[in-house]
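**Q** Going down the list, the protein sequences come from chains Z and P. Just so you know, the first sequence maps onto residues 1 to 931 in my numbering. Just so you know, the second sequence maps onto residues 1 to 275 in my numbering.
The hints are simulated quantities; they were obtained by calculation from the structure and are not laboratory data. Hints are not guaranteed to be accurate.
The calculated lysine-lysine pairs, modelled on DSSO-like cross-linking and capped at a C-alpha distance of 27 Å, are [unchecked claim]:
(1) Z/Lys72 / Z/Lys156
(2) P/Lys186 / Z/Lys506
(3) P/Lys161 / Z/Lys514
(4) Z/Lys138 / Z/Lys156
(5) Z/Lys663 / Z/Lys704
(6) Z/Lys580 / Z/Lys627
(7) Z/Lys99 / Z/Lys110
(8) Z/Lys33 / Z/Lys200
(9) Z/Lys186 / Z/Lys208
(10) Z/Lys663 / Z/Lys706
(11) P/Lys186 / P/Lys97
(12) P/Lys161 / Z/Lys506
(13) Z/Lys594 / Z/Lys627
(14) Z/Lys899 / P/Lys155
(15) Z/Lys655 / Z/Lys580
(16) Z/Lys627 / Z/Lys655
(17) Z/Lys807 / P/Lys155
(18) P/Lys248 / Z/Lys911
(19) Z/Lys514 / P/Lys155
(20) Z/Lys580 / Z/Lys617
(21) Z/Lys233 / Z/Lys110
(22) P/Lys248 / Z/Lys506
(23) Z/Lys648 / Z/Lys809
(24) Z/Lys297 / Z/Lys406
(25) Z/Lys809 / P/Lys161
(26) Z/Lys807 / Z/Lys531
(27) Z/Lys911 / P/Lys65
(28) P/Lys161 / P/Lys248
(29) Z/Lys911 / P/Lys97
(30) Z/Lys899 / P/Lys161
(31) Z/Lys648 / Z/Lys807
(32) Z/Lys208 / Z/Lys65
(33) Z/Lys514 / P/Lys186
(34) Z/Lys809 / P/Lys248
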Amino acid sequence: MRFLVIYDSLKMLYFINLERKVGNNVNFKIRSKITSGYIALILCLIIGVIVVGFQVSTLQTERNKLMTNTAKVQTLLSTLENHTLNMNRSQRGYIVTGKDSYLDPYREAKANWEDNWNELNVLMEGRPDQQESLDSVKTHITRWIETAGEPSINLKRNNDEAGIKKFYREEVGRSEIQSTMATLGKIRSDEISHLASEAKKLDNVNNKIVFTLGLFLFIAAIVAIFFSSFISKSITNTITGTTAAIRHIAQEKGTFTSRIPITTKDEVRDLAVATNDLLDDLENREWVRSNATQVVKNYQGIDAIKQLTSIFLSQVARITRASYGSLYVRNDKEGKIFEQQTSFANSYTKIGRETIALGEGLAGQAALERRVIHLTDTTGYQMISTSLGDMPPKEVIILPITFEEKTIAILELATVNAFEKLDRIFLKEVVSSLGLTINSVLTRMEVVQLLNESRAMSEELQAQTEELQTQSEELQTQSEELQAQTEELTNINEQLEERTREAEEKTAELEITKSDLERNAEELIQSSKYKSEFLANMSHELRTPLNSILILSEMLAENAKAENQEEDEEFARVINSSGKDLLNLINDILDLSKIEAGKLEMIYEEVNINELPLYLKQSFTHFSNDKDVVFNVVKEDDVADVIHTDHKRFQQILKNLLSNAFKFTEHGSVNVHLYNPSLTKEQQRISEQWLAISVTDTGIGIPKEKHELIFESFQQADGATVRKYGGTGLGLSICKEFAQLLGGTITLDSTEGEGSTFTLYIPSLQTGLPNNVEMPAESIFEVPSVEETPDATQTDMPAIVEENFFKNKRVLIVDDDERNIFALEKTLQQHGMIVDSVRNGRECLNFIEKDRHVDVILMDIMMPELDGYDTMQILREDMNIELPIIALTAKAMKSDREKCIAAGATDYISKPLNLEQLFSVLRVWLTTEVM
Amino acid sequence: METTATEELEVALLLEAIYQLTSYDFREYNRPSITRRVHNRLALEHLPNISRLTEKVIYDEKIRKELLNDFSINVTEMFRDPSFFRALREDILPRFKKLDDIRIWHAGCATGEEVFSVAILLTELGLIDKATLYATDMNEDVLERAQAARFPIQKMQNYTKNYMLAGGSQAFSEYYYTDSHFAYIKPELLESISFAQHNLVTDQSFNEFHLIICRNVLIYFSPPLQNKVYKLFHDSLSRGGFLCLGAKESLRFSDIMPKFEETITNEKIYQKIYD
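Using the sequences plus the hints, can you model the full thing?
**A** Have a look at this one:
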């Protein structure tokens, strides 16, 4: 409640302030109007609330007072009753008991009851009926105390039993107590009825308050309605007026002549003033625009600068009411100098300077800074002349005319009046569009000038173009040449690529060759080891007979004088036999080395087997006779009469086997058995027809562990055997090698001390051994053969190598001179070559036709029938012969050599022949090309 | 042989090291062939990888030399590129007929095949008595072989063909004799030739020459080094002297080109300008 009151008072203060403000402001604004309306309304409400609040508060106080009084009265009445009863009871108690202690309540009540009564009396003030009742109560109590209380107590104290009995009998004071109680009851009931009547009164006050509240609300409503209608009316009135004025202006369509009337002093007035300002501005702008348009329209289409500027200046001067005017236009590209183009003067005299430089004077400065200079203080300025006299201008304005941020012209105007702001705006407006026009006019003038110049130049160009045409054609030609060169380069490039590829292929081939060579090198090492072993053995074998020959021949020389003929004969015989041994040994070595060098060619021919037993008998019977050994040759009937093999080698094998058999057999027999062997598959693959020849002796035999060894070179059973039986030890090796070369094998079956059987199996081969057929020897009999034949051309045995280099090489000599052929043949044959010769080109062609296995051709040039050139050409081109042809030319003529090469000669050599040169050339061309 | 990425890197580093140490530039050279040579050297030195070889090359001058020997590909043959020798015979050498003595320098002569070829040309032109041929190479082993003047006999077939294509006027067999393995250049041809060790990179000019032949040597050199050698040649040439390069070489892009003019472009024969 209190809070509300504070809040209300604060609000009051605020509104009072507001009220004061509003009062101060004469211009009563819309906002103020609205605000005051609300304030009035709120005031009404506040007053109402305060009044009602006060009434409510009063009501509440009264009610509280009423309730408190009633409660007190009730309490006091009860207390009074208690006191009365207490006194009565206590007096009785004392009288009965006689104990003084029973008197205490009596005494206390007697002391206090009067206070209570007084209090009640005060509360009952203003109510005479109640006070009267109270007086009666007081009277009764007082009488009781005087009549009943005190006397009875005193009686007791005096022990006046009789008095007491009497007292009781008379019932002194009883009525007093009863009437007291009755009176107090009456007071109590009166009090309750009093409370009810008071409450009724309060209800009436409450109803009054409710009514007051309603009244105030009603008044507030009335006030609010009044204010709102007044305020809204005043606002809408001004706005409607303004709107109407604006609508009217809009209907004027751009003339902007009417204005909004200003009647009020509120915000609408501000609106009207602002709108009117806008209209003023619009009118000014319209003026500027229309004038500027007019000016621009007038100078449009003019393409001479003088005319343009004079029209412009006169119009601008007229519109701005200027008295003097002058216009300068840039006269050079750099824009440093401005030249006067036109002037305007009321006096018709020439005015102003002829030129202005950039930055010179105010005009120049304006041009430089591209800003407008407006002078209002023009003391000492040029006088403006009228027909009546001269007067000074009042204001001068200088405007730079720009295009693309560059000053291209300057306008200067002077007036005796003043240049209004509007004039200045107008000037700026027209000047801005003039810049573009002046520039375009200037440009147009420049273009015209350039056009004239370019016409002159184009004629010159014409001439130059023709010249260029010629040059361009030349260039065209050159470029075609370049094109051709480029293509050539491309071709070369492709060739290069091709070559690179070939080189890479070659590299790969070389890699392969390299690994081949490495393998060969290893093999060489191996075979060289064999060779040294071979040599070590051989030198021993050679030394033995040589030793005897040397010693014996030395002795023979010493004996020459002694004339001991018998001894000499003996020596000679031994020397002879040693020589024979040596010869045999050397023959054997040669055979072996031939085999190893692979130079031994087998010549397959028919061998008559029918005659073989007879031949063997004839050849070996004398051995059997010498040694007392029986010699038998048995041939099975089913053995074929003829086989194909190398007759010579076949015989050699048999001879060796038989020689050995006789050599190691002292007595017993040597039997030869010819039969058809049963064939293994391997053997059948080589030939259908085989012959087996076994040689069985009853000699010393060979121990089992040496069966394989004896086929190796220089191996006999042991050293002693050699001394006893002689022989080279090469026989069986040779037999084995020959047998292999012929496609066959040799087997051995022997028991030491009982004898041996060597069996030769040999196939019948009409055309020789096919190259790709492997020799079966190793696989069947496990006889280790001599390692692969080493290449004879690459060893450290030069003599043999040189011998072998030309050996068996086939050369064809083509020459018509018998003596030449004879000489050449002899020389070449000495080197082991196989020589054929023909007399002319024709014969040469026929020869080659039949037999192409020639290693080299020596070709004479000058021949009858078909000469060397033609022969070579036919050999090369028609017959595709690639073997080397060495042309033999007569000395000198270089043209001959060139013809030789053109015809296909591999090399040439001059006649007469230098033999060393001939062999050099043969070596070069017979060397197998490695590259 | 397959080269891994690591190995490629190792080879590149090795070649870089060689270039830095010796100025011999094998970096642009045919990589598989170089790699193969490197592997051969690895096997000979019993080294596990190329990086170890690089280390050895850096610290051991002997190994470096040997590797360079492996690299210097002395591929040459008599009358190699016969058209070049034909041009020499027909166009260049006849110009020296007026001279009293002719000095010819074979720089990088390798095993001497081309020197002997020029000697044959001079013989056939009748100029050999006036001529001195200086044959130099940096590799002494190779020089020794050149002085032996001996070739495997198998090569002679090809040389004979080259000789004929180069326009030889005699029988090629007149210039050699043979045994079963080798062909030997006849001593008469060797009389005018003097062999000497000379390093193009480090050594100076030692005479003034009418003709310098240096074929297929500089292709292994880096361009700056080439320029240096070209300058050496220029300084060593008499006025109007000739310089002959290999088919894959050219003066055209070198600094020295303005001081020469091309005499026979296809054969890479250049003449020092008279100035």
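**Q** Next, verify each hint and record whether it holds.
**A** Taking the hints in turn, this is what the structure says about them:
1. For the hint linking Z/Lys72 to Z/Lys156, the alpha-carbon distance of about 38 Å lies beyond 27 Å, and the restraint is violated.
2. A C-alpha spacing of about 32 Å is found between P/Lys186 and Z/Lys506, which places the hinted pair above 27 Å, so the restraint is violated.
3. Among the hinted pairs, P/Lys161 with Z/Lys514 is consistent with the structure: their alpha-carbon atoms are about 25 Å apart, no more than 27 Å.
4. Between the alpha carbons of Z/Lys138 and Z/Lys156 the distance comes to roughly 26 Å, so the proposed pair stays at or under 27 Å and holds.
5. The hinted pair formed by Z/Lys663 and Z/Lys704 meets the criterion: a straight-line CA distance of about 20 Å does not exceed 27 Å.
6. For the hint linking Z/Lys580 to Z/Lys627, the alpha-carbon distance of about 21 Å falls within 27 Å, and the restraint holds.
7. Distance check on the hinted pair: Z/Lys99 and Z/Lys110 sit about 18 Å apart at the alpha-carbon level, within 27 Å; holds.
8. A distance of roughly 48 Å separates the Cα atoms of Z/Lys33 and Z/Lys200; the hinted pair therefore is violated under the 27 Å criterion.
9. With a CA separation close to 34 Å, the supplied pair Z/Lys186 and Z/Lys208 exceeds the 27 Å bound.
10. Distance hint between Z/Lys663 and Z/Lys706 is fulfilled; the C-alpha atoms sit about 18 Å from each other, no more than 27 Å.
11. For the hint pairing P/Lys186 with P/Lys97, the CA-to-CA distance comes to about 24 Å; that is within 27 Å, so the pair holds.
12. The suggested pairing of P/Lys161 with Z/Lys506 holds, with an alpha-carbon distance near 20 Å, which does not exceed 27 Å.
13. Between Z/Lys594 and Z/Lys627 the CA atoms are separated by roughly 34 Å; this puts the pair beyond 27 Å, and the hint is violated.
14. With a C-alpha separation of about 24 Å, the suggested pairing of Z/Lys899 with P/Lys155 holds against the 27 Å cut-off.
15. A threshold of 27 Å between alpha carbons decides the hint, and for Z/Lys655 with Z/Lys580 the separation of about 17 Å falls inside it, so the pair holds.
16. Our distance criterion of 27 Å between C-alpha atoms is met by Z/Lys627 and Z/Lys655, whose separation comes to about 17 Å.
17. With a CA separation close to 22 Å, the supplied pair Z/Lys807 and P/Lys155 stays within the 27 Å bound.
18. At roughly 41 Å between alpha-carbon atoms, P/Lys248 and Z/Lys911 are farther apart than 27 Å, so this suggested pair is violated.
19. Between Z/Lys514 and P/Lys155 the alpha-carbon distance is near 17 Å, which keeps this suggested pair within the 27 Å criterion.
20. For the hint pairing Z/Lys580 with Z/Lys617, the CA-to-CA distance comes to about 24 Å; that is within 27 Å, so the pair holds.
21. Using a Cα cut-off of 27 Å, the hinted pair Z/Lys233 and Z/Lys110 is violated, with the two alpha carbons roughly 85 Å apart.
22. Note on P/Lys248 and Z/Lys506: the hinted pairing holds, with a Cα-Cα distance of about 20 Å set against a maximum of 27 Å.
23. Distance check on the hinted pair: Z/Lys648 and Z/Lys809 sit about 22 Å apart at the alpha-carbon level, within 27 Å; holds.
24. With a C-alpha separation of about 24 Å, the suggested pairing of Z/Lys297 with Z/Lys406 holds against the 27 Å cut-off.
25. Taken as a hint, the Z/Lys809 and P/Lys161 pair is honoured in the structure, with Cα atoms around 23 Å apart against an allowance of 27 Å.
26. Taking the CA atoms of Z/Lys807 and Z/Lys531, the gap is about 21 Å. The hint holds against a cut of 27 Å.
27. Annotation: proposed proximity of Z/Lys911 to P/Lys65 is violated, straight-line Cα distance about 50 Å (limit 27 Å).
28. About 22 Å separates the Cα atoms of P/Lys161 and P/Lys248, which keeps this hinted pair within 27 Å; it holds.
29. Restraint check for Z/Lys911 and P/Lys97: the C-alpha separation of about 31 Å exceeds 27 Å, so the hint is violated.
30. Of the supplied pair hints, the one linking Z/Lys899 and P/Lys161 holds, its CA atoms being roughly 14 Å apart against a limit of 27 Å.
31. For the hint linking Z/Lys648 to Z/Lys807, the alpha-carbon distance of about 21 Å falls within 27 Å, and the restraint holds.
32. A distance of roughly 20 Å separates the Cα atoms of Z/Lys208 and Z/Lys65; the hinted pair therefore holds under the 27 Å criterion.
33. For the hint pairing Z/Lys514 with P/Lys186, the CA-to-CA distance comes to about 31 Å; that exceeds 27 Å, so the pair is violated.
34. For the hint linking Z/Lys809 to P/Lys248, the alpha-carbon distance of about 43 Å lies beyond 27 Å, and the restraint is violated.
Comparing the model with each earlier hint shows violations of hints 1, 2, 8, 9, 13, 18, 21, 27, 29, 33 and 34; every other hint is respected.
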